[in-house]
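> Under this note's numbering, the sequence shown has 38 at position 38, and the numbering climbs by one with no breaks.
The hints are all genuine.
In the DSS-like style, the derived pairs of lysine-lysine whose C-alpha atoms are separated by at most 30 Å in a straight line are: (1) Lys171 with Lys84; (2) Lys115 with Lys44; (3) Lys51 with Lys125; (4) Lys163 with Lys115.
Rather than coming from a laboratory, the hints here were simulated on the basis of the structure.
Predicted model only: the values in this text are computed from it and were never measured.
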Amino acid sequence: MTTRSDTPLELPDTYSMQLDNPDDQIYRLRTSQVVCMPPDDAFKFFVDPRKLYMIIPDWLNFTVINVKTRKDTLADAEFRYKVKWLGLRFNWHSKIIDYNPPENFTDIQVRGPYKHWRHIHTFEKIPEGTMMRDEIIYEIPLGPMGALLHKLVIRRQLEEIFKFRAMSICKLPGK
1 MTTRSDTPLE LPDTYSMQLD NPDDQIYRLR TSQVVCMPPD DAFKFFVDPR KLYMIIPDWL
61 NFTVINVKTR KDTLADAEFR YKVKWLGLRF NWHSKIIDYN PPENFTDIQV RGPYKHWRHI
121 HTFEKIPEGT MMRDEIIYEI PLGPMGALLH KLVIRRQLEE IFKFRAMSIC KLPGK
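Please construct the entire structure, taking both the sequences and the accompanying hints into account.
Structure below.
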């Protein structure tokens, strides 16, 4: 795994990931990681979609199209992105529905490749900095064919995306 500068990265010791399938159509991905910054700084970084390109693998061709937000808060902010997955371009429209700085925020997919996507980000102050946790609850469209796609491709690629993110966080300026 490499970053944009092709520097090899390793998964941090504090990183963990769990993926389960609580329902036939619903999946849950949970990650946790210690980041060496205060919760305020971690929250500000992860709530800003313009910074995502720093922690998303190049193969997704991630592009922020627009950001609709008020100047004083990102509560209810909406974001539009483009991503490339399996050679296809997808538009992704997300919205922040819960916004509680610096403890947590939740974004949902308004429109995009998933039937349902809800991503809960939490930031807890610890002596080493911040314990950052993610819980993504998602559903794949296409019924049984979607379940097969998840088993063959989607699961692995989501794991790769979040592992890349975990490794990239360690290389952020100020770490």
